[in-house]
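Peer 1: The hints should help you fit chain B onto chain A, whose structure is shown.
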Amino acid sequence: QQRIEIHKLRDGDNLILGFSIGGGIDQDPSQNPFSEDKTDKGIYVTRVSKGGPAEVAGLRMGDKIMQVNGWDMTMVTHDQARKKLTKKNEDVVRLLVTRKSLENAVRQSMMQH
Amino acid sequence: MMPIDRLADMEEKLRILEDLNMIYIRQIALSLKDSDIQKKIDYEIRMREGACKLLAACSQRDQALEASKSLLTCNARIMAYMSELQRMKEAQVMQRVARRSFDAGPMDDRSPCKGKVAISDLRIPLMWKDTEYFKNKGELHRCAVFCLLQLGGEIFDTDMVMVDRTLTDICFDNTIVFNEASPGFELRVELYSCCSEEDYSAGSTPRKLASKLSSSLGRSAGKKMRAALEPGACSTTSNGGGATILLPVPSVPGPKYHLLAHTTLNLSHVQDSFRTHDLTITGNEECSYWLPLYGGVCCRLAAQPHCMTQQMMSGCLRVKLGGEPQGWTNVYGVLKGTNLFCYHQKEDMEANVEPVLTIGINKETRIRAAEKDPHSKAQNICITNQYGGEEVTHTLAADSREDTQRWMEAFWQQFYDMSQWRQCCDDLMKIELPSPRKPAIVTPKQGSLYHEMVIDTSDDIGTVTDILAHRIEEFELRAQLGSPPHWMALFDEDPPRSPHTHQHLPPHSPSPRLHSRQPRSPRCHRTPGLLSSNASLTSDSDSPASISPCFRQAWSPDASSSSGRFRPRTLSLDAKLSTLRGRGYSGFRCNCQPPTASSVSPRPAQTALSCSSSTSSSTSSEGSNSQESDLGFSRPSSARRSLRNLRAKLDPRNWLQSQV
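Protein sequences, first through last, are from chains A and B. Note that the first sequence covers residues 1 to 113 in UniProt numbering. Note that the second sequence covers residues 1 to 660 in UniProt numbering.
Bound-form chain B, shown alone:
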């Protein structure tokens, strides 16, 4: 075992190496003048740091698992960007070389169009046997799993699923769409698993540190990177160690995912229905993260090449209709998918009017340029199809030679694309776009730190909540009705003093809507000083969470005139309110600018009087009127919520009644 100071020393060295890494990465990106990739890398690095910090800070298991998953995904993305940078660098170099040697050969090759590839409804069957796989028979062996999908430079992760003996299949509901795939794509599917009972200590850290340090940076790093970033080696390894040369992961104690199975899909696997593919399983029964996989993965892999979904060519044409040699009709032609649509005019196409003529363009079609028509300047284009047993030929003509050439080129390209995309061009496959959801990097729930704070019920809090109750009564009703201010008169003796209050509001209280707040209402004995200092109130009250912001607004005018009833325990009040609610809430934000978005919501936007104990939420900051604490979470998985609801419904205890 290494002495602790040497451990710290190595960690320090690791950090230096990491910084050097980043400089190196940025150098490459800069030299390529590709700020796009650079931005992406920077973003991922930031996300990674965030995930590491979270992993270190959180203690709840599912949070740690989510953070660990984010970390792994970030690493994978950084690796992918790096390899892309490398490729671009190489291509640049190659181009310079090619130019010099006038080697124009490969440049003229036709390249197929790109397309969308979507994978969805992933299902991995499991094969549980009675006692074989469990170290402790009787205990439920649980693992957290997720899939990492990589195509080209894009990497996505699915949601995390907890797996135990009660499941027969691992199902991932996500639909993942890759947008710019070429027909020769390789979609790598990796299943990562992490045992859910492990002790999350970094027991093997020193060894990993040592191995990382041994692969130091320097001139050799470039060569190593190239070697490591060959297509096969591109797969990410567990975030704890292994061959991640360029990104020594900071050794954060926490759950670590391991690669359990993988497979690679390509064009031949694309089909407009579900198919089962073989999985290559890594790991064995002895591993903690082992799950008895049946050996296959069932999914729907669909592809929409752009030649099927986009207009590849359009323009004015003349079509010979009927038998007459002179019977030319002007049309507006659009080449899309397996058809050449001929509209009466361009506007018809935009208006979705039916075309006057549709000519099929598919694998069986034959197109040739006819002999020069003595009556026109350019060659005719003859398109021959087999309809039933008959051959039908359409003759078209463009306005000029150049147009004819362009149309022929478009047809050739279409044929080429169809030959490359093969079965995807028979019919358009449907791809359901996933509903807009938050980006894949998920920040786990904030607020767990609140859970851990021990709060004793002190009388002070009772009195404070008493005061809050008064406000809650008023604001509950108001918030529910969208706050017409006049009815305040119902409750208060003083008439509303609308215009004035507005001025008193400090710059970062938003929502002019509440300007009718009158600061002095005798009925509600307030302690302005109390709430204005360290106003770390979370909106955890039961009734619409708009209450606390209203509080702060109300109090702020009087902030200066704090009365003697100032109570210094606001922090514990804050925590108490959080724990009372039983859920974390992502703190509050300091809006130091007039909130623009807040005017949209019917509820007043959230403000903070001071930013003292704000938990920085890396999910959306301004304008997110996340009054419903659900939105305050980054993403409580709906499955988890519905399960919780179900449990709550089934458990009769959950709405206790007591006789008094």
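Chain A with its partners taken away, still in its complex shape:
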């Protein structure tokens, strides 16, 4: 698991992070191309804008977002997730993400036991 701190970029009136999310408990998880478990309804990073704040901070496409500023992201609707990321009064979002490679590493070490 990784902690990623993204500083939002001001673009006129908007604060943007520079990535896109997919998923949510109200979404169809089988369409998630990034999840290993096709029933996983978590929030995944589907796109990272080149050179944007997210990429700079180390976020990668396919990351699963577990928390945003302490808010759980594993059991939220798509819209709730989006809202948590786009709070107007927040300049910085701290994400807790898992990355597939990390998961695999964990899994492998487990298998060895």
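Keep in mind the hints are simulated off the structure, nothing from the lab. Only true hints are included.
Just a few of them, taken from the derived set where beta-carbon distance is under 10 Å, the chain A residues facing chain B:
#1 Gly24
#2 Gln31
#3 Ala81
Taking CB as the label site, the calculated pair distances span:
#4 A:Asp26 x B:Ala56: 26 to 36 Å
#5 A:Leu9 x B:Ala56: 51 to 61 Å
#6 B:Lys430 x A:Arg47: 51 to 61 Å
#7 A:Asp11 x B:Ala56: 49 to 59 Å
Here are a few chain A residues that sit away from chain B, every Cβ distance over 10 Å (derived from the structure):
#8 Glu5
#9 Arg10
#10 Lys50
#11 Gly58
#12 Lys88
#13 Asp91
#14 Arg99
Note that CB positions come from ideal geometry on N, CA and C, so glycine has one too.
Peer 2: Structure of chain B alone, referenced to chain A:
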């Protein structure tokens, strides 16, 4: 219109009548000393009560339709059992009478063997015309339909199918097998239909109540029952009213099915392929439940008489082979279907070794007992067949007179059976057994009540789900890998404390597998009190649903030491989780015994810490490790699911992506 208190009064009377009914029914069953039927009746009555309650409680249309269908089927079965009881009672009485008068005539008659009858691939063509049948042109007129099939004392219902203008045929995929049918069977097929747009109010209830009360119980009930239960009248009527004398249905508001069409099939319709039969259509265009039927039903009706599938006779025989008068060979003969198989020895038959000789036994065969052979004690049996243009005779002998007699009897019985079952004995018809599925009485999805609860997103839930998330992370991985406990060390600072935790588990937490759960892991700030009280968690989390039970297990050791962060809103959390998932789940069960079945599944079994708000699921209780919420439903029809999946796939909206 009746004043409301009189309505209640009548309902009360109806209930009393119903109780009297049940007593009467049970009396008959008891007097016949047939606990088998009694058990069946009791079961159906319970199912019926369940269906009524469900019908009253649910609000979703397809649930109500399913419940109504169950109700109708239960009623039909109860009626059938009742009539069977009546017949048995009569037979008993007749026997006593017969014994007294030494009238032994009919007793000696040969009776044909029974058989299996299967009906499958029912298809009822429809004939839609443009505007004729719709009250509101443009609106899609939809009906829910299903078939009720009755043969002898067995009644089965097919799945329910929604029919509208887009369908050209009503198809039922079910294969229904009746096991003990006699050749003179009558298979009654009834098509029930219910309009899917109706308002489900019991508007005409008072009238129905009145009519039911007028046919009161008493000495006359017996006579009425007999009259009502004649074969023709055995068909069930709509569950709302009509001539159901003995079972006044509690007037439950809800969808009511009506008989749309029916037909009766018998042996002459049996064929090893599809055939079309005429349907008698009841109802007309004015009825809400009307569907434009073409007038026929296409299906496959097959029969397997036992004489074709079972060994009717077997034993040691001697066969004369070759021309020599003394050339007897010992064989083990088995009479089955249209053949007499002669094996070298009995073990060969069991080992599926080819028989040394196969003699055809069919309609053309002639069997006679020959003149007494001077060399043996018993008569020979000569079996003559026509093979091609030639007559071939086999001579067999049994070991004793009694054996010879028994073989002859078996042959006669076989001939008789074949004459009774006619075309079914030409060749063995294939019957595909339906794959094991849940019993026909289907309890609709539980959990709709959750759908109706309005949940506001409160911050409390956010924090709780936050905590859940921590657990989910851990358990998600663990559950996926089948939980070797050691790797906990990867995440937690404290070393696992395996042996101890096990003891702390309260009696009704199962799954010793999780004993490595350590109750204190600093990383995961837990609120034991929170989850242990009213732990009405449903396993609705996304990741393998094994999560919540793990929760409960984990928390239970600390239940006593509840911290101050106890949050009283667990009920709403429960409901929120259900609604979030978007599907009902049949609650949780209170396993008050060490679960035995749970050890089988790789996932921990489900437990409940308290049984407070459990929705009682009448589908399987213990041991059903229905972690996949699909199993929690009684039977989401696979058609519905696949349709949902298809819609989901086609709808691009279903996996939204948002830019942030």
